[in-house]
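Novice: Here are the chains, one letter per residue:
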Amino acid sequence: MDALFEFLFKYRGIAFEQGDFAFGAPGSFRIWLGVAGLAAAGAVATYTMARGKSSVLDRGVMAGLRVGLLGLIVFCLMQPTLRISTVVPQQNFVGVLIDDSRSMGLDNEDGTRRSDFVQEAFTPGTGTLFDGLAERFVLRFFRFSDIADRIDGLNELGYDGTRTNLARALDAAREDLAGVPLAGLVMVSDGADNDERPLTEALVPLQAAGVPVFTVGVGDELVTPDIELGRVELPRAVLEGSTLMVDVVVTQHGFGQLTVPIIVSDDTRILAEERVDLGPDGEPVVARIGFELEQGGSRRIEFQIPTQAGERVEENNHRTAWVDVRGEREKILYYEGEPRFEVKFMRRAVEDDENLQLVVLQRTAESKFLRLSVSDSTELAFGFPGTREELYRYRALVLGSVEASFFTFDQLQMIADFVSVRGGGLLFIGGHSAFAEGGWIGTPVEEVLPVVLREPQGTGPQGYFAEIKVEPTPAGLAHPAVQLDAEPTAVSSRWDALPALTVVNPITRIRPGATTLLEGINTDGITADRQVVLAFQRYGRGTSIALTPQDTWLWQMHADVPLEDQSHESFWQQMLRWLVDGVPDAVSVVTDQERVEPGETVRLIATISDSTYLEVNDASVTATITSPSGVVDEVPVEWTVEEDGEYVVEFRPGEMGDYEITLEASRDGSELGRDASVLHVARSDDEYFASARRTSLLERVADETGGRFYTADDVTTLPEDISISGAGVTLTEEHDLWDMPVIFLVMMLLMGGEWGFRRVRGLV
Amino acid sequence: MGPRMVEGELPGRYPFYWTRAVYSGYGRGWWGGRGGGSWATDYPKGDRQFLVVLKRLVRLNAYDWENAVSLADPGIRRFPVIYAVEVGRMELTDEEIEGLRSYLDAGGFLIVDDFWGSREWSVFEWNMSRVFPERSIEDIPSDHPIFSAYYDIEEILQVPNINNGAGGYQTHERDGYVPYVRGIFDDERRLMVVVNWNTDLGDAWEWAESPYYPLEYSTFAYEMGANMIVYGMSH
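Keeping their order, the protein sequence lines are chains A and B. To convert, note that position 430 of the first sequence is 430 in this note's numbering; the numbers rise steadily by one, no gaps. To convert, note that position 153 of the second sequence is 153 in this note's numbering; the numbers rise steadily by one, no gaps.
Bear in mind the hints are in silico, worked out from the structure with no lab data behind them. Quick reminder that beta carbons are idealized off the backbone N, C-alpha and C, glycines included.
Covered by chain B, per the in silico footprint, the following chain A stretches (three or more residues, Cβ under 8 Å):
id, region
1, 332 to 341
2, 345 to 354
3, 365 to 371
One chain only, chain A, in its complex shape (with noise of 0.2 Å):
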């Protein structure tokens, strides 16, 4: 097509997106439309005037192709030019850009490899561009991947980055050729880039400096047959004992309706194995799989579906992740407003949980309260927390049945600083005392639950009172903290068989951006709202959870529960681990990529805070660092000044393996806090996930640029339209136009058809 446009315009398309079209002729274009006109109205007057035996139409005809004749020639005679800027040779630059990352040594379909082209095309004398280029520009080369360098042959490209880095690549050439008149980038590469930074950073300042971007797209769209395993979230640490569901998502093309299994497993053994129905070709499916981890420790968690007959990647077919498994014992406060049965079931349920640490403060009386499972005798003396610092050492606020008016207004603020602060789970459970109907409307609280409450029509044991049967919603059905069973499919079947609960306050709404997990029908067959039963939502750094029942200890002691069930101390202690995932240390941290690989550079990232979580800016900050092979390695860790209370420093691994850090952090001699983190440092199968040919963003990258995309295919015309793009140092062409064979043809075309018209109408 290209080719046929060429043969009838004399100039390819891209010349004429590139240039000017004008007239060469002498004299104004207002004259050159009185001739046209003057012509035209000639060869109007000749065919009205002479009409033998022809009709309107016929004479109508025959003269408005001799007009469009006439028409052609004063346009040919206007000496219509196309203006190119075109490059002074070897008075700019061209910088090329070639992919060195891994997947650059996939194979194509036909055999190839992807990084045979850039041989092909760019070996010195004998490639098919580099003749092109080298004798039009200067030539300057780069690899990039994770990181981008000049380089000064091929001979240095190894196909061996762990990332394709696009932005970053663009970013290197521009600064590097920032001091030369620039042509333009060349970039060779599959586009899948796996880096998460916005392309767009890279590509504004390409646009303001007029810098257009040629991308040359290397591998198939398409990668058949092949199965590969989504990205799989984990939390980085978790309580040792916890149970994890974990979303997976399988893309497959060519293996479409095959049943294969997913196994998950650590260093030791299997800890789950689960089918998968990979359903239609090319539709991604999603599995979930659960899996409980109980040795502590750093573990490696691997997910794996075994290599198909016949696939074109193997290495996307498993996935690592790592998670710290922590034998800490997390310590919840829950408070409780009058002697309930709830307080006596729920210590059940945790009291063989060793990572729990249930501290229960009941009031029996007015300002007497009971104190259980403290850790020593001044722990709670005088009841509910009356300071941040005491209420701060709990990781999870547990508030039973109890009225707001029992705390001070500096003490709800606290349970909501609790929250949104220090990053604390708060779980509210229904009771007589709790919710609209324990006047928590309108207290500093109420903004932090998910739930809305509206006034309660009556309150106390004559208000309301329903029996509700409760079931998970979808989003429950997905959630960790609400499996009662190992088993997905039976999970459903589990909350049917429990029996119903009762609730004291109609709580029918949530908070928009809550989610609810359990809701309950009434037994009454009469309500048709849905009461709220379990929903909750991330309120500044915490999450706050509503648990409206208030007798969840049925589920352990009604009559229809058999003994050996476990659905209520499955429950609760989901239900409490919960509630301290991922709630912060006043001293954390935390490296800005779990695995890399040796050489490259990681971040230490500490959040410093004082015990009442407020950020500390001038700490005194030192991570140790302890390499595989023990090397200590102590390294300050320095203010960012862009956000309170960040601390960062960067450093380079060199061994493969499990890099051990410590942080401790102190002010004014005195210790604000300190952790730990691990560091895996291994091989990374990044590249050979996503790794078919991104044409899209390379396309993007050449269109938002004034560039152009080519394929390994359509590639040879690329150092001219290079020299036509306008940038660098230019010179301006004129071509004329008025020798393109379109315009003979179109002439011919316009003769011929009027004999043929006159052959046909018998007017010869």
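For this one, chain A is given, so just place chain B on it according to the hints.
Specialist: Relative to chain A, chain B alone:
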């Protein structure tokens, strides 16, 4: 006093129902003069009287009326604390044995009171051995939390019945000279049954308003009652 439950009404409006265990036996209870088994001794006046005072002492949102449920009734599982008296005359049926065993295994808490002497002990012990053949009844140590859950109780008093107490006679009955607070524990050493033997807390609760009944006994009885209920609702 609040409204009474009507026939068939679902319990649950109140967090706590003072529930009397109905069991089979050969004694004759009082039940307001209408007779009944030994389970009904002091019923219902004792229950109502106990609740009135208990609610003034403990911040307990309790149902104001008596609530008697058979050990064989599955509905008893809705009341995690139950009270049984005159157990020296009990003779549990197989259904009651099964009901009580599953009740306690599920997490229920039984308070036993008002039986005296070695003969009645033997009857009670025999019935409990049918419920838990593998478990024995043992003394509860004085530092057990049941003695400090609400009041700090350092000495176990022998609480006489109304006639002996108001009349100024001996505090014991038959050969029950020494009062005991004993218990049955589960495998996790959690107290399931608290046994008040050679004492009559129920009469002290029932007749606390009598000017003739010694205050020290009713005071101790209420202290013990508050402790047992607060403990049973939290442990």
